Structure formats: C-alpha cells, structure tokens
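In case you want the letters, here they are:
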Amino acid sequence: MAVGKEIRTQIGSIKNTQKITSAMEMVAASKMRKAQQRMEATRPYADKMRQVISHLAKAHPEYRHTFMIERDVSRVGYIIISSDRGLCGGLNSNLFRTLVREMKKQQEAGIGLDFCTIGGKASGFFKRFGGNVIGNAVHLGDAPRIEDLIGTVKVMLDAYKEGKVDRVCIAYNRFVNTMTQEPTIEQLAPIVATEEDERRHPWDYIYEPDAKVVLEGLLVRYIESQVYQGVVENAACEQSARMIAMKAATDNAGDLINELQLIYNKARQAAITQEISEIVSGAAAIGG
Amino acid sequence: MAMTVHVDIVSAEGELFSGLAEMVFAPAEMGEVGIAPRHAPLVTRMKPGEVRVDLGAEKEPLDIFISGGILEVQPDLVTILADTAVRAEDLDEAAALEAKKEAEKAMKDRASEFEYAKAQSELAEAVAQLRTIQKIRERTSKH
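Protein chains in written order, with my numbering: chain A, 1 to 288; chain B, 289 to 431.
Among the hints, a few may not be true.
Said to hold, decoys possible - Where chain A lies over chain B, by a calculated footprint (3+ residues, C-beta under 8 Å):
| id | segment |
| --- | --- |
| 1 | 296-305 |
| 2 | 331-337 |
| 3 | 344-355 |
To be verified - PhoX-like mimics (lysine-lysine), calculated; alpha carbons at most 25 Å apart, straight line:
| id | chain 1 | residue 1 | chain 2 | residue 2 |
| --- | --- | --- | --- | --- |
| 4 | A | 164 | A | 105 |
| 5 | A | 154 | B | 388 |
| 6 | B | 335 | A | 212 |
| 7 | A | 266 | A | 247 |
| 8 | A | 127 | A | 154 |
| 9 | B | 388 | B | 423 |
| 10 | A | 127 | A | 104 |
| 11 | B | 335 | A | 154 |
| 12 | A | 212 | B | 406 |
| 13 | A | 19 | A | 247 |
| 14 | A | 212 | A | 164 |
| 15 | A | 161 | A | 58 |
Claimed, not checked - Pairwise CB distance ranges, derived in the manner of DEER restraints:
| id | chain 1 | residue 1 | chain 2 | residue 2 | range |
| --- | --- | --- | --- | --- | --- |
| 16 | A | 187 | B | 349 | 36 to 46 Å |
| 17 | B | 392 | A | 162 | 34 to 44 Å |
| 18 | A | 251 | B | 409 | 29 to 39 Å |
| 19 | A | 61 | B | 364 | 18 to 28 Å |
| 20 | A | 87 | B | 345 | 56 to 66 Å |
| 21 | B | 345 | A | 111 | 18 to 28 Å |
In case anyone wonders, no lab produced these hints; they're calculated from the structure. Keep in mind the model is a prediction, meaning the values are calculated, not measured. For every residue, glycine included, the Cβ atom is placed at its ideal position computed from N, Cα and C.
Construct the entire structure; sequences and hints are all you get.
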C-alpha cells in the first residue's frame, strides 16, 4: 500500500535519531557520575587553598608579592573554561553570554581585554567573535590533568607579572546540581579576601625560608588549583548538561513519533474507508 | 581537657583529615616543626615526609605521608595543603623500594640536568616513604 510511505520513512529516521540520543544520554550519565566524583575529591583542596589565600589577603605583610598588590586596571585577562564538544544544551552559550555582558561593561570603561581559552568551544567562539587570545588549551579529555593546564595558566600569569594585564579573572560553569549549572566569573589576581577578619591588630606570618620564595610558590599553586578546579567543575557540568539535553531530545523524538504515528494511522484509515466506499458504490451501480 | 587546634589536611586527591588535635608535626623545609594550639601565624613549604597528628593521650596518633606541600598556621587553625598525601598505613614498602631503585638507576645514567633533578626529588621521596614505614614499625613493635 502506497499510503503514508513518506510518513513511515520519517518515523523510521526519527526512531534512529532517538536511538542515538538515548545512547548519548546513557553515556553522559555514567561519565557524569565519574566527573562528579572527581570534582568532589578535588573540592576540599581548592576550598582550603582559597581559605589560606583569603587569610593571606588580610595579613599585613612586609613583603608584598605582585599578586597581592592592587593596580589601576587598564587591561583585564580572562581565563575561559569551556567544553571541548557540543551537544550539551545551553551550557557554553550561557557562559559566553554572561562573559559578553561583562566584556561590554569593561569596553565601555575603556579597559582592554586578553583571553586564555581552555576547551574547543571557547577558542571557536573567540575565532568568530574576535578578541586577543594569548593562550589556548584543547582536548583535555574526561580526566583533565593539571599538567595540561600549567602552560596556559603560565601565559596569563607572566602577562600579569610583566604588567600587560592588571587583573586576572576566571570564567567557568559552577556545578550546583545535576539540573543547574551557573556561569561564574571570579577574580584570581590580585587576590581577594572572602571572609571577614575578626583580628583587629595588624599581623603578619612568619615565613620559612623567606617570604618571597614561599609566597611565589603558594600563589602560583593557588591559581593553578583554582583553574584546575574550574576545569573539573566544568567537566561535571558538561556531562550533566549533555545528559539533560539528550534526555529532552529523546523525549521530543518520542512525542514526534507518536504524532506522526497518529497521522499515519488516520491516513491509512481514510484510504481504507475510501476504498470500501468505492467498492460499495461500484457494486451498487452494477446491481442497480 | 588539653588545648586543641583545628587541623585540616587536604591533598589534590581529596580530604585526608579534618578535626581537633593537640599537636601537629610537619616536615617543614627548614626542619621538622611541631605546632601546638595558639601558635603564631606561619607559612612554609614542606619537604617529602611524614605529618603526625597527635589526637590526645587516649587515641593513636595519625600518620600521613606527604610528598611536599604548603603548611599554613593560624592560632586556631592548621591547614596542610599536601601535593600528594597517602595515609602512612597505606604505604607499600615494596613500591617505595622499587621507586628508590628506579631513582638511583636513573641517577647513575643521567642523560640531562633536568632528569637528574627529577631523579633526585624522586629519590628523596622514596627515602622519606621508607623512613615513615620504619618509624611506624618501631612504634608498633614497642607496643
């Protein structure tokens, strides 16, 4: 029967797509669990590091490292963390939208911008959007390693030390829960205090062996750990966003199939009815 | 009750210890330091070695092996940011010996200055691991 052949083909092709999206959903779900475990394992380190740095920002040290001195801002460097692959809903575009809004504000204030991109989507975005990209790291995979990031981070830190940029910020998606990812922009350098200081007297640390060596090591480690944490969080966000997006796609494909099935059934029924009425009226014409 | 200080020990791989302690010993770069409650603020780097957390008279002290890191001390808070930390009980002596042998071998036929430095740090790490194991042995055999 020729009726509804196009519809049948369409249903078939949607079913194939549905199979792919549901497979991707399952892959993303299992990767998400691993990515979340990784994120939770590294979170205490990043949190404690932030706490130590916050203490340091409130100290009154004799020696002040470049990362501790506020400068007049004429150029800002952004480290942008995105995913390598697409098909993860609005994850990357939400981040870029937040970023563009922030960048507009800076540009209106006459502040120049430099970028370091991590992840294929960010470098692709700046290729289209334009911007001074000074560092780039892609293909980090599912288990990002800190060694892969050190180079990119160093480019930005060197630019800061040489005075090419006066502030370094990081932009990434913060993992709230499986359903919610929050585009976040945080300042890395100069360091900022996050807690209230209840100690009123000016105080300073004892440094061993000396302040310069200790602070240099500590601050570089701080920034690396924050960037690494950003990457790990972003990876967890990517997998959960992809899982949600693929689940929605699978559901939509199911709805579409149901609708088309209904149309197909109606068309088939109409064709049968028509055929019967043709036979009946033909028989009546002969018999009459 | 004796005075206590809050101690947090974290490594890049996860949290290792968080709680109150009477005293903390750590392998600072300039030599081992013992931190009692109300210690003056201090920041220092750490060498590979063993961190000991004294939990009080009635409890066993806790040993954690670290391969370097940063120690921060506030009067009421001690934070140890370890590069890689393993609980001393988990240490595999055979693996440590193996690593030491590897490092010594690498030092003998050193190809470049860079590899030499790397081998030296690996050796220091392996030696520190072995020392930790021996210390634990001594302590357990005394009991």
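(request) Taking the numbered hints from earlier one at a time, note which ones the structure violates and give those numbers from smallest to largest. (result) 3, 5, 7, 18, 21
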